[in-house]
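A.B. asks: Okay, here's what each chain looks like letter by letter:
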Amino acid sequence: MKLAPIEMARRVALDIPDGSYVNLGIGLPTLVADVVPADREIVYHSENGILGMGPAPEPGTGDPALINAGKQPVTLLPGGAYMNHTDAFVMMRGGHIDITVLGAFQVSERGDLANWATDEATMPPAVGGAMDLAVGARRVLVMTSHTTKDGRPKLLPACTYPLTAAGVVDRIYTDLAVLDVTDSGFLVRELVPGVSADELQDRTAAELTFAPDLVALTPV
Amino acid sequence: MIDKRVPTLAEAVAGVKDGSTVLIGGFGNSGVPVELVHALLELGAGDLTIVTNNAGSGETDIAALIRERRVSRIVCSYPRSAGSVWFEKFWRAGEIELELVPQGTLSERMRAAGAGLGGFFTPAGADSPLADGKEVRVIDGRRHVFEKPLPADVALIKADRADRWGNIVYHSAARNFGPVMATAAALTVVQVREFVELGALDPEAIVTPGIFVDRVVEVSA
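Those protein sequence lines, which keep their order, are chains S and U.
Start counting the first sequence at 1; every next residue gets the next number (my numbering).
Start counting the second sequence at 1001; every next residue gets the next number (my numbering).
Keep in mind that the hints are not guaranteed to be accurate.
Stated by the list, open to error - Straight-line C-alpha distance at most 30 Å; calculated DSSO-like pairs for lysine-lysine:
1. U:K1148 to U:K1134
2. U:K1089 to U:K1134
3. U:K1004 to U:K1017
4. S:K71 to S:K149
5. S:K2 to S:K149
6. S:K149 to U:K1004
7. S:K71 to U:K1148
8. U:K1089 to S:K71
9. U:K1017 to U:K1148
What the hints assert, rightly or not - Distance windows between CB atoms, simulated:
10. S:G79 to U:G1119: 35 to 41 Å
11. U:S1220 to S:G62: 20 to 26 Å
12. S:D18 to U:L1117: 36 to 42 Å
13. S:M123 to U:A1010: 55 to 61 Å
For the record, the hints were derived by calculation from the structure and aren't laboratory data.
We treat Cβ as the ideally placed atom computed from N, Cα and C, and that holds for glycine.
Please model the entire structure based on the sequences and the hints provided.
C.D. replies: Structure below.
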């Protein structure tokens, strides 16, 4: 079995403590905001100058200028604030964001992240705020499928795509496992039931170590 | 007497020359000074370097400037938005130069220009190909890349209200690049929804003080 995206998001959400300042990357990570337990107060930051971002407005309502990093309409919660772009990035680059959750094309066993450019040259390159967030957030979590759509490993001894940042990833949540980046490479903490250690290794280009207290990654 | 109000969009962009570097506010469609950009298009200035977060989408504002071949170079962080077809077309044809800049570096380079600084070292992008050809220095054990200030001839900004001194307040997340761009250009032009009397803006809440602003023009919604 493997986890559905919303099940991955629920697993990530368990690791976001009450009171955290969080920036969610565009794509898969945005699901996390929908499943954080209701008894936790989380302040979401958006790179375009929002702190205290709330969910999408009811259809037909809302402020067209109030959008998130993915250009989708959002709301501002009570206590929220707008700030100019430079200050939004002071929060990111300056180590004020507790946790960021980012997507990835590749992650290396040293915690290098590649999530902005592939090797295809037909589309113009685009980077957005990924590099500032990757170097600046106190804790960098990656949420990604374990392999590419055509089955190639995303967890590698070294990234082959251009890096977003080197040595920044703390933990990876895939549809098969939860892995920490340690001084000795990837350490598997949790593994979905029905997938053996050998099978996970087969889908991973880097060498894996399995935690002695390996836990079953069951959907919540 | 100081009065930075101008009556028309044409007067707001008057004097922008061929070859100018133009900062254009906005993030996605939020905060783009659409009417000022259209006035720039009408003015006819070409061979422009445009500094903006995205490369326009659809057929209006920045996309229209590109389509009409007024832009020779664009400095931005994320040119690959949905509908940025004109940028992509000219980029593929090699007819528009792209300088890709990490988003925080983009605004900090403008801040450095506005603040009179000679640049700064940032860890953002220091391990990426975007650092190629730039000075990299290890500071407190971490790699940083040197980035130069990004000054401009003109800034075009959208805001909510202005008084005749050019004091500015913005509307929600449309603020984005406005405040930093206002500091970094020789000529800062702001379109607002509404002019208000001098003294009507709460001094505790003025976001861009008038010293950074040269012209304001009212564009009713």
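A.B. asks: Give a verdict on every hint.
C.D. replies: How the hints compare with the structure:
1. Restraint check: the Cα-Cα separation between K1148 (chain U) and K1134 (chain U) comes to about 10 Å, which is no more than 30 Å; the hinted pair holds.
2. At roughly 29 Å between alpha-carbon atoms, K1089 (chain U) and K1134 (chain U) fall within 30 Å of each other, so this suggested pair holds.
3. Between K1004 (chain U) and K1017 (chain U) the CA atoms are separated by roughly 20 Å; this keeps the pair inside 30 Å, and the hint holds.
4. The straight-line distance between the Cα atoms of K71 (chain S) and K149 (chain S) is roughly 25 Å, inside the 30 Å bound, and the hint therefore holds.
5. Between K2 (chain S) and K149 (chain S), the direct Cα distance comes to roughly 14 Å. Compliance with the 30 Å bound is thereby established for this hinted pair.
6. Among the hinted pairs, K149 (chain S) with K1004 (chain U) is inconsistent with the structure: their alpha-carbon atoms are about 56 Å apart, more than 30 Å.
7. The straight-line distance between the Cα atoms of K71 (chain S) and K1148 (chain U) is roughly 29 Å, inside the 30 Å bound, and the hint therefore holds.
8. A threshold of 30 Å between alpha carbons decides the hint, and for K1089 (chain U) with K71 (chain S) the separation of about 22 Å falls inside it, so the pair holds.
9. Distance restraint check for K1017 (chain U) and K1148 (chain U): the Cα-Cα separation of roughly 24 Å lies within the 30 Å cut-off, and the hinted pair is therefore satisfied.
10. Separation of G79 (chain S) from G1119 (chain U) is about 36 Å and conforms to the stated range, judged on CB atoms against 35 to 41 Å.
11. Between S1220 (chain U) and G62 (chain S) the beta carbon distance is about 21 Å. The supplied range of 20 to 26 Å therefore holds.
12. For the pair D18 (chain S) and L1117 (chain U), the supplied restraint of 36 to 42 Å holds, since their beta-carbon distance comes to about 39 Å.
13. The beta-carbon spacing between M123 (chain S) and A1010 (chain U), approximately 37 Å, falls outside the hinted interval of 55 to 61 Å.
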